[in-house]
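Please build the complex by placing chain B on the supplied structure of chain A, with the hints as guidance.
Here the protein sequences come in this chain order: A and B.
Just so we're aligned: 401 in the numbering used here is position 102 of the first sequence, and the numbers increase by one with no gaps anywhere.
Just so we're aligned: 310 in the numbering used here is position 11 of the second sequence, and the numbers increase by one with no gaps anywhere.
Some clues are possibly wrong.
Identical copies go unnamed one by one, so any copy, or any two together, can satisfy a pair.
[To be verified] The calculated lysine-lysine pairs, modelled on DSSO-like cross-linking and capped at a C-alpha distance of 30 angstroms, are:
id	residue 1	residue 2
1	K315	K477
2	K474	K593
3	K511	K572
4	K572	K449
5	K572	K474
6	K572	K593
7	K623	K572
8	K572	K415
9	K477	K572
10	K623	K605
11	K450	K572
12	K310	K391
13	K504	K472
14	K474	K450
15	K636	K386
16	K315	K472
17	K310	K474
18	K310	K449
19	K603	K485
20	K472	K572
Read the hints as simulated data drawn from the structure, not as lab findings.
These figures come from a predicted structure and were not determined experimentally.
2 protein chains.
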Amino acid sequence: MSNLSNLPNLKKIVLKERPIDNPKVEGFDIIEEISRAPNDGEILVQMQALEIGAWIRTTLNEEAFHGSTPIGGTIPALGIGKVLISKSDTFKEGDIVNGPIFAQTHTTMPAEMFAKVENPEIDPFTQIAVLGVTTGLTAYFGIYEVGQVKKDDVVLVSGAAGGVGALVCQLAKIKGAKVIGVAGGKEKCEVLVNEIGADAAIDYKKDNLDEKIKEFASEGIDIFFDNVGGEILDAALDNIRDRARVVICGAISQYSHHDSVNGPSLYLRLAEKYSRMEGFTVMHFEDRYQEASKELLSLYEQGKLKIPYHIEDGIENFPLALQKLFTGGNTGKLMVKA
Amino acid sequence: MSNLSNLPNLKKIVLKERPIDNPKVEGFDIIEEISRAPNDGEILVQMQALEIGAWIRTTLNEEAFHGSTPIGGTIPALGIGKVLISKSDTFKEGDIVNGPIFAQTHTTMPAEMFAKVENPEIDPFTQIAVLGVTTGLTAYFGIYEVGQVKKDDVVLVSGAAGGVGALVCQLAKIKGAKVIGVAGGKEKCEVLVNEIGADAAIDYKKDNLDEKIKEFASEGIDIFFDNVGGEILDAALDNIRDRARVVICGAISQYSHHDSVNGPSLYLRLAEKYSRMEGFTVMHFEDRYQEASKELLSLYEQGKLKIPYHIEDGIENFPLALQKLFTGGNTGKLMVKA
Numbered sequence: 300m301s302n303l304s305n306l307p308n309l310k311k312i313v314l315k316e317r318p319i320d321n322p323k324v325e326g327f328d329i330i331e332e333i334s335r336a337p338n339d340g341e342i343l344v345q346m347q348a349l350e351i352g353a354w355i356r357t358t359l360n361e362e363a364f365h366g367s368t369p370i371g372g373t374i375p376a377l378g379i380g381k382v383l384i385s386k387s388d389t390f391k392e393g394d395i396v397n398g399p400i401f402a403q404t405h406t407t408m409p410a411e412m413f414a415k416v417e418n419p420e421i422d423p424f425t426q427i428a429v430l431g432v433t434t435g436l437t438a439y440f441g442i443y444e445v446g447q448v449k450k451d452d453v454v455l456v457s458g459a460a461g462g463v464g465a466l467v468c469q470l471a472k473i474k475g476a477k478v479i480g481v482a483g484g485k486e487k488c489e490v491l492v493n494e495i496g497a498d499a500a501i502d503y504k505k506d507n508l509d510e511k512i513k514e515f516a517s518e519g520i521d522i523f524f525d526n527v528g529g530e531i532l533d534a535a536l537d538n539i540r541d542r543a544r545v546v547i548c549g550a551i552s553q554y555s556h557h558d559s560v561n562g563p564s565l566y567l568r569l570a571e572k573y574s575r576m577e578g579f580t581v582m583h584f585e586d587r588y589q590e591a592s593k594e595l596l597s598l599y600e601q602g603k604l605k606i607p608y609h610i611e612d613g614i615e616n617f618p619l620a621l622q623k624l625f626t627g628g629n630t631g632k633l634m635v636k637a
Numbered sequence: 300m301s302n303l304s305n306l307p308n309l310k311k312i313v314l315k316e317r318p319i320d321n322p323k324v325e326g327f328d329i330i331e332e333i334s335r336a337p338n339d340g341e342i343l344v345q346m347q348a349l350e351i352g353a354w355i356r357t358t359l360n361e362e363a364f365h366g367s368t369p370i371g372g373t374i375p376a377l378g379i380g381k382v383l384i385s386k387s388d389t390f391k392e393g394d395i396v397n398g399p400i401f402a403q404t405h406t407t408m409p410a411e412m413f414a415k416v417e418n419p420e421i422d423p424f425t426q427i428a429v430l431g432v433t434t435g436l437t438a439y440f441g442i443y444e445v446g447q448v449k450k451d452d453v454v455l456v457s458g459a460a461g462g463v464g465a466l467v468c469q470l471a472k473i474k475g476a477k478v479i480g481v482a483g484g485k486e487k488c489e490v491l492v493n494e495i496g497a498d499a500a501i502d503y504k505k506d507n508l509d510e511k512i513k514e515f516a517s518e519g520i521d522i523f524f525d526n527v528g529g530e531i532l533d534a535a536l537d538n539i540r541d542r543a544r545v546v547i548c549g550a551i552s553q554y555s556h557h558d559s560v561n562g563p564s565l566y567l568r569l570a571e572k573y574s575r576m577e578g579f580t581v582m583h584f585e586d587r588y589q590e591a592s593k594e595l596l597s598l599y600e601q602g603k604l605k606i607p608y609h610i611e612d613g614i615e616n617f618p619l620a621l622q623k624l625f626t627g628g629n630t631g632k633l634m635v636k637a
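The shape of chain A in the complex, shown without the other chains:
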């Protein structure tokens, strides 16, 4: 395989035009070309699975916190892959690695951008959905460190049937909290209660949010874990009790119009209730990834974490997967397999 004439063909998804609202399949192109040969210190990785996260949308704007994807540029994505060619001492051929593969079947990159997967016997989908930086680790630090969840807290989770949300619900239950999940549609709400173990679920497409929160949390909520923003955030703020923690993990309802985000108009409830709204990105906890991965893996192996996921088949369906994320077309973590 180190013979450069054997470099594999790759398919990659590039940005055709900047989405104005939610991303649509028409905004992307697929390009086929020969992989670039790795230089010294680089590896060539064959993608096995990619995670579809809301952060990807933010890179499609001209100005972006996670860096902007240029027109014609390959869409960024994190994933798991196998080292095909290594020109680095860190990895050998056949190693399973995770890192910024981007939306493509193969990538050639500096080895230091990747980490070796510690338990290569675990399938790549579980790796991403349980132990992934943007899933398991985000949920873990968000609800345990930022949210400081404790026994008997009443925890409301938005985007609860998503990759992060479903884990947050379960991690909160493990600490003895009461968990109310908010999701869109009857099917997702059933998954939340019957499979994820939420105490109650609210269907934001059908239910009156405020009424339902008051029904399930008559004395108010201690933690709101927000993946969504917009109306749900205000409804939650209107129902916090003293010393509540509002954890800002994401705002998927707002990413598609980043220049005109609707701020929470009820933010003064924070003063009335001596409460806080605290945001984070998982990168802020980078020096503690190992500790969290270990605990998540242990919980998973004990059967304490159920991980719903939704897999789209083939890199050509990456744009469709991204579109689905923003239209609520998935239950559980969305991924693309090779």
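Just chain B now, with coordinates in the frame of chain A:
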């Protein structure tokens, strides 16, 4: 004075119509009547000084966190007064007390609504501006407990020339922070730098907020102490650095349109910077008032606190004072004297 036929005439300010925007003098009436005789357990207090706080505006709405003032009802206000008649064991005639006097020259109320002023030799304006619940204590708990200010923090304060703001600036300086005050107009900005000791001042009426924040805090701000809300809050959020604390003390720019508060559209900066926005009311620290008063008094007696204030003369000017608070017509704590 205990002879009931000697009950003093009182003047009181009542609500004529609910303000739609900022309060205006036309929205109030003044009424003259004979004071009510105190029942057992009650005291009759002669007002010496009242504090004008933004919270008063919130009671003029039909639905209000601090309780709604009915049409024809006396406007609530806190102040200092002298006990004229006591039918309570707690106070004797001549005692100086503080509590909810309301906007009137005399009040008859249950004794337990009032606290005895510990240092009656201090004039009532200093009592209110330094040791008052809505001034000194609010500033103290806001910047020390909620803000957790520490040496070398860069602290931005809005409404910095107001009663709370001017104290916050000085309490932050005492801990060794760098302080930037935001106020409206050249005169207030000069007071901030020359008298209050702020390191820099920004005139929000003239300066470009974002540019000036970046000029004075090139590496970002650690604490934003907000009395104002609206545009200033967003400008501050756009300039926080990692682990910043945004302290929500008030939102004077928003109280006059409480039903349609502009939420901070840049709240997602909290996630990007692993930062928090935390609100409070001073009532949440009620069990620690004594400790804080003692420390504030000690700082004041050592000459470490300069307290600018603005006094309107006579209860008939209470509506004008309230109007001024919302149009920026005061430097320092606004009060009404008897």
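Verification of the hints:
1. K315 / K477: neither (45 angstroms within a copy, 47 angstroms between copies)
2. K474 / K593: within (17 angstroms within a copy, 41 angstroms between copies)
3. K511 / K572: So K511 and K572 pass the 30 angstroms test inside one copy only (20 angstroms; across, 32 angstroms).
4. K572 / K449: Classified as both; 19 angstroms inside a copy, 25 angstroms across copies.
5. K572 / K474: Answer is both: 24 angstroms inside a copy and 27 angstroms across each meet the 30 angstroms cutoff.
6. K572 / K593: Between copies only: 26 angstroms across, 36 angstroms inside.
7. K623 / K572: between (37 angstroms within a copy, 28 angstroms between copies)
8. K572 / K415: between (45 angstroms within a copy, 28 angstroms between copies)
9. K477 / K572: Close inside one copy (20 angstroms) and across copies (29 angstroms); limit 30 angstroms.
10. K623 / K605: Classified as within: same-chain Cα gap 22 angstroms, cross-chain 59 angstroms, threshold 30 angstroms.
11. K450 / K572: This pair counts as both: shortest intra-copy Cα distance 20 angstroms, inter-copy 28 angstroms.
12. K310 / K391: within (24 angstroms within a copy, 88 angstroms between copies)
13. K504 / K472: within (25 angstroms within a copy, 50 angstroms between copies)
14. K474 / K450: within (6 angstroms within a copy, 36 angstroms between copies)
15. K636 / K386: within (26 angstroms within a copy, 82 angstroms between copies)
16. K315 / K472: neither (43 angstroms within a copy, 53 angstroms between copies)
17. K310 / K474: neither (44 angstroms within a copy, 58 angstroms between copies)
18. K310 / K449: neither (46 angstroms within a copy, 53 angstroms between copies)
19. K603 / K485: within (24 angstroms within a copy, 62 angstroms between copies)
20. K472 / K572: both (24 angstroms within a copy, 28 angstroms between copies)
Hints 1, 16, 17, 18 from the list above are not met by this structure, while the remaining hints are.
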